[in-house]
Each structure stands twice: as structure tokens, then as C-alpha cells.
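S.K.: Chains A and G supply the protein sequences, listed in that same order.
Sequential numbering of the first sequence, starting at 1, is according to our numbering.
Sequential numbering of the second sequence, starting at 1, is according to our numbering.
Rather than coming from a laboratory, the hints here were simulated on the basis of the structure.
Given the structure is predicted, the values throughout are model-derived calculations rather than measurements.
Please note that the accuracy of each hint is not assured.
[Unchecked claim] If you only want the chain G side, here are some residues facing chain A, beta carbon under 10 Å, derived:
no., residue
1, P11
2, P34
3, D35
4, N39
5, E57
6, G92
7, G96
C-beta atoms are modelled at their ideal positions from N, C-alpha and C, and glycine is treated no differently.
Now for the letters of each chain:
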Amino acid sequence: MEARVVNKGQLPELLDKLAKDYDLIAPVQEETVVLFRKISGGKDAFLEYTNSDVSPKGCFLPQNEKTFNYTYTGDSIEINKPEGAQKAVLFGARPCDIKAITTLDPVFEGEKFGDEYYSSKRENTVIIGLSCSKVLSTCFCYAFEGGPCDGTGSDLLFTEIGDKYYVEVNTEKGKALADAYSQIFSSQGADQLAKDKEELAKKLAGEFVRKVDLTGVKELLDNNFELAFWSGDEQKKCIGCGTCTYVCPTCHCFDIFDYPTGDFDGARLRCWDSCMYPEYTLMAGGHNPRPSRKERVRNRFMHKLKYHLDRYNMVGCVGCGRCVRKCPVNIDITKIINDLKEVAQNA
Amino acid sequence: MPNPTALTPYPVTITKIVDETSDVKTFTVVFDDPDIMDNFGNLPGQVCMLSIFGEGESTISITSAPTRGKFLEFTVKRVGRLTNIMHQMEVGQKFGVRGPYGNWFPFDIMKGKDLFFVGGGFALAPIRSLIDYALSEQHRSEYGKVEILYGSRSYEDLCFKSDLFERWPSLSNTAIYTTVDRGGDNWQGRVGHVPGYVEEVAPSPENKFAIIAGPPIMIKFALPVMEKLGFKNEQIITTLEMRMKCCLGKCGRCNIGSKFVCVDGPVFSLAQLKGMPQEY
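From just these sequences and the hints, can you work out the full model?
M.R.: Okay, here's the thing in C-alpha cells:
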């Protein structure tokens, strides 16, 4: 694998250049919230974060997205679709969030149907990851084949080592970008930094405080849809606010609805939806296959721990810990996993 | 060719509207673009997303068989906002359609077999596509006897009356059994529920597929009857409904376990359903 080196001092210059040549999307701090949005240069980026409040999945599946404009009178229909995506760079995404994007790929690009809106953005975006330099108490990416310095899914992965970034070139797309800014991406000293990065990865791997053991959990869920566990106290706490699904980087559910702007004109939008809401599955005739929180909570965790694996052979959770941090009633997927492991052992 | 990956519907024009019951209408539509009509390629059992711009979309099964001609029929019950608008539409007006989506009835595997249809209320609509496919001139010789047992609350609630009382009985090797929950002055036929009538007619499971669609309560009581008659799970085929938004296996909500009804269904055998969570 090829590697490059970027001096930390040159990062603002690189981001300025990227913002000029691409739509540059990077982490920013707005009041107390860290999220990803388009920036105009290095001065806007906020890289002193470990895990953003909002994941960068919105780069590819925006929270609200127009699929087309319409004019409809009943006797005539006119539809105008937006243009495809601009060339973009997603800079500074953490390994868990990039891995999450790879779990969305088979949903939107695989199987029978593609998704032009997602694919257009995916194809036109270069993903530059940023290794974590510390581990939060809510982090557990290691449990889902991830790691704080894991480059899976990234085109380039930056790892901060002293006053330099060690840059792994993971794809042709990443190489093309590094080559285009060769005055900033040098090859000098990459070998030593590679060793330093390995040391860092090893050090961080030992810093996880949350112990998560998936042993037997998938097999338990494979064979048991009805478990008394799902009626337990932990699950009863859920107030159905949907926060876990909005902050989750692997949740991909969406709603489609029309937003009229006049008597005959409007836009069809899709926006994030949540399986934690009763309306999500409520049919026009009044029947609801998941009528209570028990079924909805079960569905969410089954999706993360079983359904996504069954369907795409990919984990449905990347261990970013956002749902653990943000849940207002402290429902904790790591506790759920460990409890399910107990159930499996005692079965 | 229609691009089924797109979320963009294609304009259709309504060419005919039939009032089936007080709250059910059948809309016949053709695509404005003849190429899309010619290449739509819908198979019996598949569904479409219908667009009323300004209101949204709704998943509706294609009631017509592709063998009947270059048009689509949708039988729509007035239950919500979108269907309420549809019920006010007139011949000549337009709405949007995208599809076709989902799997189809296993008409290849059914070749050489007798078909016994059991329908309740408005749910005759999705299986009517297979009835007409099997009864079409092109395919009639591929199937044995076609029997249709259908019931609804009252005579007024029976859908497809001209099919039931005129068209289907006039075709060779068919049998139509009709029942209503409540009789009345305009009904001289049988009065009673569908499951009891199935038990009375007692179809032999030999060399036969049973295709069942109806409200959950009818299915619940009809299945034990079928089992008692000796039908195996593989011989019983049904079609499911779920709330859907994309119909492309992405928006998430129509899952039953790891399956999405929009792409893996809506048609399932009872054998398949028994291997899935009971969450539908």
C-alpha cells in the first residue's frame, strides 16, 4: 500500500485548495454540536473532536432530499429532476462512520435496484478519513471488526502522528487526489510513520472501557424471534423519541412525501424516518404489524444484530456509541448485547 | 424501457373507472408513453407505486393480468387521503405510476395443476391478476380446473361482479363459489363466512395449489381448514400487504425479519411464512 506524509502546518492550505476545487464537507462545531457540512476553507474545520454528534451519512443520504419537482393539474404532469451531484470531498470522517457508509452501500447500490441520488454522490465524493487519537468511554468499534485507525472504506486515511499526518492511500480515487496536490502530499519519512501508526493503533486498542461480547447472540436471535427479554425493563424504558435512529450512522430508513409550494406545484422529498415511530408501519386501513414499543425496540436491535447481517453479510452496527450517548433514557446497545449473551448462555 | 430504479413515476391517463362497491373503484390506465406501456413487463402478483402529486404515493397491486392487453387496472379502496383523491378522479385525468415491483405468483411451478382461489372482500384484487392469467387464451391449456371461492360482507360489497357472475363462469373448466356474510333482498345465494364455505366445498389437495387472499381474520380461520383438507404448506400461496414508501428495498418499513415484502414478496407460500417472524 502506498503512503504519503502531510505536515500538520499545511493542512489549512490543503483544505483551502480542496474547498476551491470541490464541495468540501468537513466536521464543524455549531454552538455545542459537532456535525458535517460544506465549508469554505481550513479555518471552518473543527478536527478536535472524537465522535461527532451527527454522523456524516448525510453526505450520501441527506436528512432532507428533493427527488424531483412537479407541476400537476390532474390533466397534465410535468416532472423535473435535480442535476447529479457535484464533485465533493468528505474530509475528517472517523473510521467507524466510514465503515458505516460501506454498510449503506449494498442497501442503495446492491441487490435488484440502485439509487441514482445516493450513487451520484457516492461516485463523486472522495472520502478522507481521520484516525481517532483517543477512545471515548462509549466507543466499541472493536466489537464490530473496526478500530480507531482502521481505513476500511476510506480513499485516504489521515493519522495524526506528532506534527505530521501519516496518509494511507487506499484507493485509486485517493491516489489521484494525493497526486493532484503533490506539493502537500510528500513521500518523505512515510516508513517511520507507518510504524508509529501501528504503535498508536495498538495503544488505542487497549483503551476501550466498554466490554462487548457478541458470542452466541446472532445464533440466539436466529432461532428466537419471541424472547421474554424483549418485554424486559430495559426495553420498556424506551419513550419512542427516535433519537437513536437519527444519530445512527447505519440507519437508512426514509420517508417519501410531497411538499406543495403552490396549487399545482411542489417537490417530492425524502427524509430520514425512524422505525421507533408507530406511524412508520401503520397502514391506511388501521393495521399495524409493530403496534407497541416492544415490537419496535425489538426490530431496531434485530436489524442491527441480525437482519442487516442476514441480508448483506455486513454488520448493522459499527460501535460508534452515539445511541448510547444520546438516548434520553439510557438504553444501551452494549448492555443489550451483553444481556442477550447471558440469555444465550442460560438457554 | 421504464427505469424501475428511479423514484420518478411515469404519467398515466385513466381510460375507465368501475364502481365495484360503495368504497372500491377499479381504474384502468395506460401510460402516456407507449414505449413504457409496451415494455412495462408486469407479471401477475406484482405491485406499483401510484402517485397523486401533492399528496404522495401508495402501493397498489396490479389487478389486471398482462395477458388482457396493454393497460393496467388498479382496484383501490377509499381508506385514506390519497385514495380519497383518487376516488374523485374522472376518466381522462392523469396520475403517476412507477413499477412493476415485487415478486409474482409462481405461475411456472403451478403449470399442470388445478388452481383453487380463496378470496375475501376487497382482497380478490391482487389474486385476480393470476386468475385472468391462467384463464387467458395463451395460458389456459397450461392449467387444470380453476375454482374461485369468494365472499364478502354483503352482495353490495362483492367486487368484480361482472367477472364473478358473467365472464369467469362462461369460461371452460371453471367453478365459482360465492358467499356473503349477510343476505338481503337482492341475494339468493349462500349466506355464511368464507372458511366455512371452503370446508363445505372441500377441495381435494391433490395436484392443486390454493391461492388465498383476504383480511387477516379470514386467513386465520381459513388456514386450519386448508390444513384439515390435507393441503401442505408449499401448496398454499398468499400475498401480503405492508406500508411501503420506496418499493425498492431501501426505505426499511416493510420488513418481516430479514425479508422486505416489496422485493422478496408480496407473494409468499405458507411454508415460507412459517419460517419468518409472525410480524405482519
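S.K.: Taking the hints in turn, state whether each one holds.
M.R.: Here's how the hints hold up against the structure:
Using the Cβ-Cβ criterion of 10 Å, the hint placing P11(G) at the interface with chain A is satisfied: the shortest such distance is roughly 4 Å. Because the beta carbon of P34(G) sits about 16 Å from the nearest beta carbon in chain A, more than 10 Å, this interface hint is broken. Because the smallest distance between the Cβ of D35(G) and any Cβ of chain A comes to about 17 Å, over 10 Å, the interface hint for this residue is violated. Here the hint on N39(G) is broken, as its CB sits about 17 Å from the closest CB of chain A, past 10 Å.
A hinted interface residue such as E57(G) counts as satisfied when its beta carbon comes closer than 10 Å to some beta carbon of chain A; here the least separation is about 6 Å, so the hint holds. With a cut of 10 Å, the hint placing G92(G) at the interface with chain A holds, because the nearest CB-to-CB distance is about 7 Å. Hint on G96(G) holds. Least Cβ distance to chain A is approximately 6 Å, under the 10 Å limit.
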